[in-house]
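K.L.:
In case you want the letters, here they are:
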Amino acid sequence: MKNLIIAKRYAKALFNLAREEGKIEQYGEELAGLVQLFDTNPELANVIQSPLYPEAAREAIFASIATSANLTPIMKSLMNLLIEKKRVVNLAEIKDYYMGLIDEHANVARAKISAAVELDEKAVQQVAASLEKLTGKKIVVDLHQDPELIGGLVARIGDLVLDGSVRTQLFNIRETLKRGELG
Amino acid sequence: MRMRGTYLGLVTFAVMATTMSGLAWASEGGGHHELNWWDFFLRLMNFAIMLGLLIYLLKKPLGNFFVSRRENIQNTLIELEQKKLEADKKCAEYKAKLSTLDKEVGQIIAEYVQEGEAEKSKIIEAAQKQAEYLKQQAQLTIQQEIKSARESLQEEIADLTVAAAEDILRKNIKAKDQDRLVQEFIAKVVEAK
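As you go down the protein sequences, you meet chains A and B in turn. 113 is the number that the working numbering gives to position 113 of the first sequence; each next residue is one higher, with no gaps. 1034 is the number that the working numbering gives to position 34 of the second sequence; each next residue is one higher, with no gaps.
Think of the hints as simulated: they come from the structure by calculation, not from any bench. Cβ atoms here follow ideal geometry from the backbone N, Cα and C, with glycine treated the same way. Some hints could be false.
To spell it out: a stretch of chain A is covered by chain B in this simulated footprint if at least three of its residues, at any positions, have a beta carbon under 8 Å from a beta carbon of chain B; those stretches are [claimed, not checked]:
1) 118 to 128
2) 131 to 141
3) 146 to 154
4) 168 to 174
Start from the sequences and build out the full structure, keeping to the hints where you can.
P.N.:
Structural data, given as structure tokens:
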């Protein structure tokens, strides 16, 4: 279960330290790397997270990982704290919130764009530029292809949804016809 | 009652004595056909005394008897007269009633007819109201059914139309159409700002 309050608390603390040390991007990369490591090695994640194993053993395992990955001391301390407080399970959420803080700090917004067909680079840049004008932030595009849209595209930035798909237009036409507002 | 019994006893005795003396005289007369005046006188005296005694003894009771009898008869007559008057009165009353009976019967019939008419009006009015209500309900149901059918038809038409449009679009949409849609999207985003 996601515990956003806990994730927010740890992520903010880490971000403040990173800003003071000027290592915002580095901590972000290390966090993302750890999450990826646990995702690709569920057994390792289980050992690190499970309270069935002794805390000292889990810290020792993580210490060897940290040494081989050459993690920063702050990141090692954070992971030991998470092991001690049994919060390793919230690592992915901490990473997500931390990434959000990085984006906010860099005035960056992430746009998930779904298009019916594959868009060329120029079109993507034009869309990103228009979204930058709209939000006033630098847009990082996460592009997906969705043939179900039939035509056009849909952009999602946080809670904001901009729908220019043919599928939605057809849906709207159908609802209008059902209400008898056309003809 | 006791006095009356005494008087009756005396009267019976006197009658028996007179009869016995008469019989004695008759039996003697059977043997001798000559009249014995002394004997006759004695017998007469006997009879007179007997008669006087009877009159003396029976005068008052008989008088009383007859007076009471007369009073009884008078009372009975008065009573009967009164009953007759009452009967006459009742007779007159019944005659009067009989004479007004037809009128009363007519009045009662008229009242019943009037009540029946009122009841008839009420029943007709209630039936008309019920019929009006049923008519309104039926019209409402018909309108709802029509509305529902129309909506259902519209939905079906909308689904079929949009499905057909979707098929046509999927088959005929070209790259330039996609480009145009992207440009429209960009224009709308800029406009939204």
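K.L.:
All hints are to be evaluated individually against the structure, with a verdict given for each.
P.N.:
Cross-check of the supplied hints:
1. Closer than 8 Å: that is the beta-carbon criterion, and the segment 118 to 128 of chain A has 4 residues meeting it against chain B, so the requirement of 3 holds.
2. For a cut-off of 8 Å, the count of residues in the segment 131 to 141 of chain A with a CB near a CB of chain B stands at 3, and the three-residue condition holds.
3. Coverage of the segment 146 to 154 of chain A by chain B holds in this model, with 4 residues showing a Cβ closer than 8 Å to a Cβ of that chain against a need of three.
4. Counting residues of the segment 168 to 174 of chain A whose beta carbon lies closer than 8 Å to any beta carbon of chain B gives 4, which meets the minimum of three for the stated coverage.
Of the numbered hints given earlier, the model fails none.
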